[in-house]
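Protein chains in written order, with this note's numbering: chain A, 1 to 523; chain B, 524 to 729.
Take every hint as true, because none was put in to throw you off.
What the simulated footprint calls covered on chain A by chain B, stretch by stretch (three residues with Cβ under 8 Å from a Cβ of chain B suffice, anywhere in the stretch; the number is not a length):
no., region
1, 55 to 65
2, 76 to 84
3, 350 to 359
4, 435 to 446
It is worth saying that the hints were derived from the structure and are not from the lab.
No experiment lies behind these values; they were computed from the predicted model shown.
Note that the Cβ used here is the ideal one computed from N, Cα and C, for glycine as well.
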Amino acid sequence: MPAKEYDVLIIGSGASGGMAAHTLTQKGISCLMLDAGPLVDFPRQRVTKAVHELPYRGFGKPGRLPHVVQANEFNANQWVDETQVPYTHDPEEPYNWVRVRMIGGKSLFWARMSFRLSDYEFKAKDHDGFGDNWPIGYSDLAPYYDKVEPIFRVSGRKEGLAQLPDGVFLEDNSPYHEHVQRFMAAAKERGIPVTKIRRSLGRGQFASSFNLLLPDALATGKLTIVPNAVVREITIDKNTGLADGANFLDRQSRREMHAKARVVVLGASCLESTRILLNSGIANSSGVLGHYLHDQFYITQSVVAIVPAARGNAAPRAGFGGGGYIPRFRNLKTKEKNFIRGYAADFGAGGTPDAKYIPAYGEELQKALESYRGSAMSFTTMGEVLPRFENHARIDKNVVDAWGIPVLRFEARYTDNEFNMAKDAIDTYSEVCQAAGFEVLARSDKMHPPGYSIHELGTCRMGDNPKTSVLNKWNQSHDVKNLFVVDGSSFVTGGSQNPTLTILSLSMRASEYLAEQMRAGNL
Amino acid sequence: MKRRRFVKGLLALPAAPALVAQQQQPAPGGNQATLPGNASPQAAGESPALETALSDTAAQMMPRFFTTTQFAALRQLSGILMPPINGAPGAVEAHAPEFLDFLIGQSLPERQQLYQTGLDALNAQAKKRFDKTFAEADASEAAALLAPLREPWTPEPPADALARFLHAAKQDIRTATMNSPEWSAAGLASGGRRPGGFNQYWLPID
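Build out the structure end to end from the sequences listed, making use of the hints.
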């Protein structure tokens, strides 16, 4: 059977690849999508079990998935097996690379937090002189945020904050509990805003490429999805210097295949896309491919506070719950002494603190837990990590994965800017809690290794200068003009906001541009 | 001899499909329920759903990893840190020490060392201060040895090896107890307030 040539080959089926397929197929462009993972039949793939029925009773198999802090014994099989697709790093400087390989990618499991970036990020250098600006501004991306939010059904409340632009929301009119209002009042006195969470509601059990993007793309008749296709490299036509497809292996049989297309769109996730490009030996005339790796540092339960009025079944405990979001408030109009940029936090109310925080055991511990039940507020701090050239991923030629493809080696570390930021966050949230009359039970500025937030960004960054960036402002390779990279690797700087909404919007914008270039005959 | 066995095997092969076909045929008369001893009539292609039991309901765990002295200390520690409260089984009743013996025995060397040195330190402290093993310590003696658990929590694990072990064991003993079949059964018996954690388990991806 002669191989079919597609208009566009899309590598990856998650948020970015799915949005590319959604956008391109609606414009009549034929797309082939390859994904390294299977199409999962969720009802058959998951069964309800009691924790005591699991071999390790919820502790998980010791030593399995050492880098995936998010893994537990119930969900261990949903993550990429680190023995099949390993990566390397200095043992003293670990990197947590958390991956999913199935149709829909990580968009099947994301936390759905959906925030816009602002010009505090797009034009960050203008504010503090560090690093580089994006080649685009907020006004360039805003029309695409406007179109993506209704697809993902983002709930939120318009707050009018420059650092967290409002979106096209399903209005969240839920009231704040009075205890949360006390916290908000104490925060407001210190110039700290508190907002409703902005979250993709999606449809049914998913807010994913799997259910919100790919079905519509398939319905056009213009999309072919091939699962279990592990891409080794993008191929280049020697005569034109343009990409002409990709070599891949069937995941199960390891049969080698080649797919042919006029244009290649990479949306395999930040680091897998970078790995494919590095293994292909293309798109790196700048020498920055793989560099400027950054993410957001996350500290879960960075502050755990008890609301005394909610303890011991005291009224008005009923209804104490919900949560909120504290957007960045540092270094907007003023300057901090020992760090630039800023951090955000989300908080949940109405929980019970972990037993580890209570300096007791036995019956005394149990009584304390009973008295604390439902009275806790806990904060997850999310801080901007500065994009630095020296933080990078490169190919480790000494190690290959189960398909014989060379793996990545990481060198990434946080610096005093992140550490000082974390200390300030914990001090500030603690101060606000105490001012609200809450008891601070625990506080922690201890970070996980880089990568833990699963918000890896920046290794194919965009820019106007081909000597210092991999992509132009349309997510198009400076070197190979029919190659686009539409995932989080294009970020110049990431702010403290969860990146998925921006990834989706950038992918839509790049795909519309690509479609127009194809229509005009430029590609 | 080998050849004879091989030939016998070959001769047996054609019979196998016939046997399968025979098993899939409905019983003469079409009414399987009338056959003697057939408790569960099945349609063609169905397989019976047999009831099975967890090994824990039929047998006991056999500790293998810790020494006898270490295990006795772990058992004593488990009983103190998580006693039976409000009708829920304690760690000993939930066989948490036996499960932790298995779990730590499967763990990475660093975790194994944390437990082994921690339990040895507990016994050494008990010997030094009270001239007995930790398992033999009474309530007030044990409380003195467990003083590190009354120190406030810190993000970094304590520098002292015994304190580090005690904080880890406090969490593990609690989890092993609350994730045990005994805890689940007690929860169901008390009206489902503590039925144990149920969740969606991901089967291995083919």
